[in-house]
Structures are given as structure tokens and as C-alpha cells.
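Quick note, the sequences are listed as chains A, B and C, same order. For the first sequence, the working numbering begins at 1404 and goes up steadily by one. For the second sequence, the working numbering begins at 6 and goes up steadily by one. For the third sequence, the working numbering begins at 29 and goes up steadily by one.
No lab work stands behind these hints: they were computed from the structure. The structure presented is a predicted model; accordingly, all values stated were derived computationally and were not measured. By construction, the Cβ of each residue, glycine as well, lies at the ideal position given by its N, Cα and C atoms. Be aware that one or more of the hints could be misleading.
Stated by the list, open to error - Chain A is faced by these chain C residues, among others (derived, beta-carbon under 7 Å):
| hint | residue |
| --- | --- |
| 1 | Asp-121 |
| 2 | Gly-301 |
| 3 | Met-333 |
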Amino acid sequence: MILFVTLLAALTMATFSGGSAHADEVGTEFDFTISGNVQFNGEAQDGVAISVSGNGYEADTVTDADGRWAIGVPEKSTYEVTLDEDTLPKGVVVTKGGNVLEADFGLTDRRSVNFFLGEGVRNTVSFFDQFVNRFVNGLNFGLLLALAAIGVSLIFGTTGLSNFAHAEMITFGALMTLVFSVSFGLPIWLAILIAIVLSGCLGYGLDAVIWKPLRRKGVAVIPLMIVSIGLSLALRYLYQYFFGGSTSQLPGAGMTDLKFGPISLSPIDMASMGISIVVLLGVAYFLLRTRIGKATRAVSDNPSLASASGIDVDGVIRIVWVVGAALAGLSGVLWAYFRPGVSWDMGFQMLLLVFAAVTLGGLGTAFGALIGSIVVGLFVELSTLWIPSDMKYVGALVVLILVLLFRPQGILGRKERIG
Amino acid sequence: MSDNAVSAAPLEPPVPTQKPIKTTGLHIGEAEPGCRKVDPILIADGVRRTFGGLTAVDVDHVEVPRGAITALIGPNGAGKTTLFNLLTGFDKPDAGKWTFDGRSLAGVPAYRVARMGQIRTFQLTKALGLLTVMDNMLLGAKGQTGENMFRALMPFLWRNQEEENRAKALDLLTRFKLDTKKDDYAASLSGGQRKLLEMARALMSDPTLVMLDEPMAGVNPALTQSLLDHILNLKSEGMTVLFVEHDMHMVRHIADWVIVMAEGHVVAEGDPHEVMRNPAVIDAYLGQHHDEDLGEDQSAEAENVSAIKELLDDER
Amino acid sequence: MDWGAIFGNAAVELISPTTAAYALAALGLAVHFGYTGLLNFGQAGFMALGAYGYAISILTFGFPVWGAFLVGVGASVIFALILGIPTLRLRADYLAIVTIAAAEIVRLLFTTNTFASVTGSANGLSGYKNEFAALNPLAEGSYGFGPFENNAYDTWLRIVAWSIVILAALFVWQIMRSPWGRVIKGIREDEDAVRALGKNVYAYKMQSLIFGGVLGTIAGMIFALPRAVVPSNYQTTLTFFIYAILLLGGAATVLGPIIGSMIFWVLLSFFSGFIARAVEAGWLPFMTSIQGGQLRFILVGVAIMLIVIFRPQGIFGNKKELAFVR
């Protein structure tokens, strides 16, 4: 429930302007004034810090007993007005438009600035509650990262390829879901299933048409990686060619959050986490218990030995591509709900974090990729408690570099024998 | 310089074309594992290296005699190459210290070890394929002015030195019969020629200790002879040689001293003829199978086993 | 169909400052990748540091042109050290992932609102050209001929840009035939072998990373002079385009990156001009002009794949000396 009270409008202010400047007014030597009145539920709030900056000019003041403030400015141009939320009483915050507003002068010499106050969400949420909420979000993000990262890791382990085109395999899943649910009007669960199957087919097709012939040709890993970059670029702009540059929403995106104590999650978030966990357990079962999964790990450990011991290496790699692509497709669907939105370059936006997760866990180890993903997911979300959210990926990438500095083989990687 | 290095009819087994002059009287006291040497060049103490739970190398004490050819032998997985890597700074041990020419090498990076005059080659040859043979050789020279990034831009500072190195390289290439290939890419050489190139390149820096990791692996018999001659020449030119080898004939023919490793430990040392009779060596090579008929064994160890069997027969 | 305009616009790209900037960045990448074997995927980060280092020095601190230039170069040296210290001891693919991550960090730091007062956040920076223009010795007027006719500032910019490219090319050519270059090429082939010969491989790789990075940084400054500095210009895709140019010309060559850049830009310009007019003329009814713009990026991607698979040594590379037959 939001209660907001506006500040007095400029016209009302004009009636006061004839009177003397109140106690806290600063910059009275200037001709132009920005002013306002801070009230909450009809009660004046005094002692609230307000600052104005712009055009190389800075000034600050606090509201008086009537909740009023005014700051003189030298020029008739645009200024940034900031209300320091820490100086508001407990339980009161700026609810709309944020605590930083832009003010520019119209025809008059005075400009009033209104902050919309409401009952506090932000100030009443304790640090611990925020932490828990971010933690759950981070876990959700980490799990969907893991779906993509395991594919990258398995492909790297079995073929030595750092697959940049994995980004486009992620996008593919989301785009196909969009096509089948929105354009063809199928129910969402069916659209997702079709998208995952098609993703698997894409993986099979890419392996059959591009990667298998290149392996046959004996192309080394670095040229392979550059081929994957070319493929990534081509596919990405192909998506933009057909789907345009806009962002679309999948059905059900933006459902209202449900509250569980401090945690607010939408049903989609919960479904996403559930699906991720079930699928990851399935992948773990596949790798640890099935014959083909064991063969996959054998190839990942030592391809030539595996080949010598009668394992069909090409067959294993084909399965890895299909499984990896299907997982990437699913990851793309979940990423589309998490961001939220489907766009042509959504996979590429996530790719670096996937690589970070894989490297963090140890290149080529599937379970390392899982742990790395969760670390990256948690770190991205939790770091927003301390740093601005538009820098949240910076933190994760810095961690990647730091981990490599102290543990080059990654969290689960083994040290390599030299010579 | 051997003038008949490449023989038209390779002998079986290959032997050097010159009669090796064996150096004797290298050790003090009994020829036992870790025994002291009259004039050691390399001394290792308590060097240990584990990979995961597996102990690859655990050497209490070993000394390599100066001015002699020492062979490091042992079955597969005995830790020979790992010990090589540790001694040359390519790998770091979990514990232990070792000295070269009286200077401690613990924690010294590989490139500094090389600069001290201890040059190694690799089991899998590392000829720099897309450099010419001549460039490969020039890379071996020490103390080049032009290898400094800023001086590199001023050719007059390094041109003379470059010419000297080039002359020296050509001289060595002629000795190794590679002079006609000097402008070819190293990638175009045969496996044996690459081994020769690697050895010649190592000599560019006038090393005091040359460490060869399986110099004969994958070399055809004709070249084997010339390689053996070259190794003997190193000694006659005053260098110390330490090499890892599987070929027991070669070991017996050219080595002055043999160090035997098994499961990471030094299990025996001695004169090449004596050491082959040491029960510890036979055990190391034969393991628990020494009662079985070795002729039937086709496993990976079979090569070593049959090799040692041959050697024991030779001794009789 | 106005073929004259299409060819004219394409010809303009032959000596445009942007082409020079890409050529120089690709030359830096040739030092990294072609000669040393370092997989630097953060060339866009080096370019961003050059562009922002220059612009911020002039706009925020009022430095002269040479001071701003040095700030950019200094920033990239520090950046190279930060990248190199943790990764140059590790396998090649780690450097790839760390450089790509570091370049993204740089871009995100320039994009965030937190430093908007200095970086201009997503809107970027402009208005730093006067200092450079003031150094122009050319009188007002127009110089050159045909499609290469430009006003005094643009001519001045082209002269400076291409002089730097030529100087850098001579520099790379000379240093790669020195003993230093021999060690660098040796490291590309097998760094353990070079280490066993007593060379401090780590130091050489670091020198190479700094050298190529500084070339990228100067390229970033040239790139910034005809336009505004906007963070979205310095995405990973920029690095990929420079790789495309490098592979097109030949990775371990001096002329390759320069000619590669010219071919890349002339073809790109010709292609977009042609498509745009073909769409206008209704020759391609299934395509909008926006899609035409995207089509060329699709083709860049396909071209990268085809070059690597079918002509890995590039146009100028020696068939034997391809940088990555490993």
C-alpha cells in the first residue's frame, strides 16, 4: 500500500516567495531557486537532507520544521536534486521516481521539486532479509547458468573446443519457445518441450555439418574456437535478421511475486528452480550411472585411451552435442524468464558468465561447471547489495580473474602434469 | 667428429662407431643408492613430488658425477621424467633441495637453470616447427643483445654478435649433418633429424651439463649411431651428460654410470655392467613376475622386461 | 542504381581513419596472436582505454594532446600487466577467457552510471577534438580528389592516422626480424622449448602483450577522433571484427592486417551500399533495409569460418607459416 504526498506546487510556493527566506535556505545570492516541501501523510518532515548539483555547482540543505527547503542556483539550467533517504524517519522512503530527480527551469525563476514518499519497503527490509532474497535469486540464476555451463564443459572436455556459439544455442531455445507459444499459440509447456527438442536437433546438426568434418580434417583447437566465433556472429545476426532487435516477453512473464517471509518469488521463478534442479540431477545420473555417461567422462578424461579401449568417441561426442544443446535451449527459456525477455543477443549477454562459471569450476569438469555456475550466480546477485546493479557482472568477472590468480586449475580442476 | 656417422648397413643392435672410453672411479665407497661421488656436479636431497595421492618421485639422495655420462633408467612410471622436470625447474617439488655446481636450484625457474649451464631436451622433441633450422639454432645462443626488446630495434647493436652466432651455428649444423637444411622449416625434418637439431641447439649455449630425455626414442637405427657418437663427443669436449633411456644396449655402451629408479625411488647405482646384476634392479624391472615366462608377456612393461632379459643373457 | 555513389562510398573507406584504426588494432593482434600465439580476445578493451584515456584526459583534466596520448598508453600498459600477471603462466585458453572478461569489465565500468560525471555513461563523451584540430598545419580548404577529397581537419586526421599505421608496421617488421622476434616466434611454437634454452618466456609474453596492447590503444584513439566515444562501440564484437581482419590478411604478417582492414571496410561499405540501394530499387522484396545491414554481419561471421577452414594463412600468409597449425 503506497501512500504518497506531493510537495507543494510551484504556484503555492509563489505565495511564500514574497516572505523572507526560511532559516535553511542556501544560495540566496542567486536569482534562481529550486525548492520543495517534504511531507509524509500530511506531516512535515524536518531535518531531511537535500542536495543539488549540476553545471559545476553543488549545494545542500536540510528541511525546516515545516518540511520546506530551498536552494538558490546560479543558472537557469538542469540540476540533479537528491534526497538522502537515510535522513528520513524509519519506515519512510521515496517510492516513485527515485530519490534523485532532474530539475530544469521553465519560464519562471523558481522550480519546485516533488519527492513521492511512501511507507518504506527499502528501509524496513533488514540487511539479512535482503541477503536472503538476493541469495535465492542468485541460486536461481546460478542453476540456469549451470544448465548452459555443463554443455560448454562437456563439449570442451570431449573435443577441446571453447564453443562461443553456445550463446546462440541458448538464444535458440528462447526464440523457439517464443515462436511456438506466441506465434503458433501453443500452450507454454508444449512450446518449451518443442524448443528443447529442436535445440537438441540444432546441436546434432551443428556437429554433423560443421564440427565432425572439422575434427576429421584434424583442425586444431584454436582455429576451431575461431570458427565457433564466426558461427556465433553469423547466427546472432541471423536471429536479428528474422526476429528484429526488439525484446518480447514469453507468456506468464511478470507474474506477481509471492511472499515467503523475506523471500519474494514468482511462480515462474519457483518452477524455474525446480526444473533446473530436476534436470541437473538427471544429468548427474546420466554421467555417473549410465554406460553412455561413463563413456562420456572417459572420453573427457583421455580421448585417445577411451578410443583405444573400444569406446565410440564420435558417438559420444554426438550425444554430448545433442545433450549440451538441449540443456542450452532449456537454459535459454529460463534465462528469458529471469532477465526477463527474449531478444536476439540474450545468449551472448550470458555467455561470458557461462565461461566464467566453467573456468571457475575447472575447464572440462562437468561438476566443476555446476559449482562454478552457482558461485557466479550467487556472486552476481549478492554483489548488488554493495555495488550498483549496473556493475553486477563486473564483480563476477573480477572474481574469475582472482580465482585464476590463486587457483589456476579452478575449483574442481586437477593440476596438470608437465613434460 | 665421427666421419662415418651414417652407416649404409646399420648394425643390429646399434653401437657407436667409435670405441667409447669409459670413465671409472667416479664414486666413493660402495656403489649403492645415493652413494657419494668424487666430483659431483648435481646433488639432490630429499626431493619428493606427488600428484594427487600418487608419489611420482621420492629421492633421498643422489649425486651425478662430473665429466661422465650418467644414465637414468627404470621401468615405465618410475619417475624418471618427473625427476628431470624437477631438476630443471620445469616442475616444483613438494619438498627437497638440490644443487648444481654448488649453487642451490630450489625455486629457481627453468630459464635460469638453463642459463646456469644445465640444458635439457625433451622426450617428445620440441623442434620449433615454423622456425627455420638456423633460427632454431640461433635461439640456443646465450646472452644475446638483440633479445632485449628495445635494443632489438637497433640492429647495429647486435649485428656482429648475430654473425658470430650464425657462424657457430653453421659449424654445429655441419657437425650434425644438418647444414644443408639450415633454411628449411624445422617442421620438414624427420624425427631423428629433429632430435639432432634439438641436441645441436642445446650446444649453442656451451652447457656444462646436458640432460637428454630419451634421446633415442623414435629415431631410426642409422641416425641412432650418429646420435651415440654425438653424445660421446659431448663428454670428450668436457661436458657432463645425464640421460634417460629405455634402450639397454645404448646404456651399456656409452654410460659410465647408471642410476636406476623404480616407483619414484633410486633403487640402485653403479657401473653399467655391475648394476644390471643387482637384484634390486631385476626386481624393479620384473616386479612380481620374475618367475613367469617373460617371452609370453605382451603387456606394456614387456619391452623393458625383455630388454633386461636380453641384457642378462649378454652378460653371461 | 547509382553505381558511382556505391563505388565512391566504398573507395572512401580505403583510407578512412576508421580503416587505419582497425588496421592498427589488427597489427597489435598480429603481435599477440600471429607472432606470440597469445589469444587476446580483449583488444576492444585496449581500444576503449585508448579512446577514453584520451577523451577523459582532455575533457576532465584539460591535458594537451601528447599528455592525453600518454595517459591512454599508460592505462593500457597497466591493463596488460593486470591481464598478464595471472594468466600468462596458464594455458592459452585461459588468457582468451580472461581477456574477453577484462574487456567487458572495462566496457561496463565506462557504461555504469556510477562514474557518469567522468565517463558520460551510456551516452559517452564528445567535444575533445579541438585540441587535435588545433595542431593542424594545413590551411582551410579541401584536399585530395574524387572520393578522397576531404576538408582540412579530415585530411590532417588521415595523414596522422596513416603515418602512425606505417610507423607501427615498420616497427613490427623490424622487431620481428630481430633476435627478440625470434624468441617471440619460438614461444608461439613451443614455450617449454624456449624456456629450456634459457629465455624468460613469461617476460617475453608480457612484453608482447603490452606492445600489441599499446598498438590497440593508439588504434582506439584514432578510432575516437572522427566520432564520439560511446561504450557500446567497444563490445566483444569489435574484437571479433578485428580477428576477422587479421585472419583475412594473414595472422603472422605485417602487411596482412593493413590490407585486410582495407579489404574488410571497402567490401563492407560496398556491400551495405549495394544492398541498401537494391532494397530501395525493390530488387530484394523479401528484405528491409535494416535487414540488409544485418546481412553483412552474417556474412562477416560466415567469412571468418570459411577463411579459418579453407585459407588459414590469410591472403598474405606463407602457406607454411600459418600461425596456428597446432
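Okay, the hints, checked on the actual structure:
1. Asp-121: Holds, because the Cβ-Cβ distance from Asp-121/C to chain A comes to roughly 6 Å (cut-off 7 Å).
2. Gly-301: Gly-301/C check fails; min Cβ-Cβ to chain A is 18 Å, beyond 7 Å.
3. Met-333: Result: holds, 4 Å to nearest chain A Cβ.
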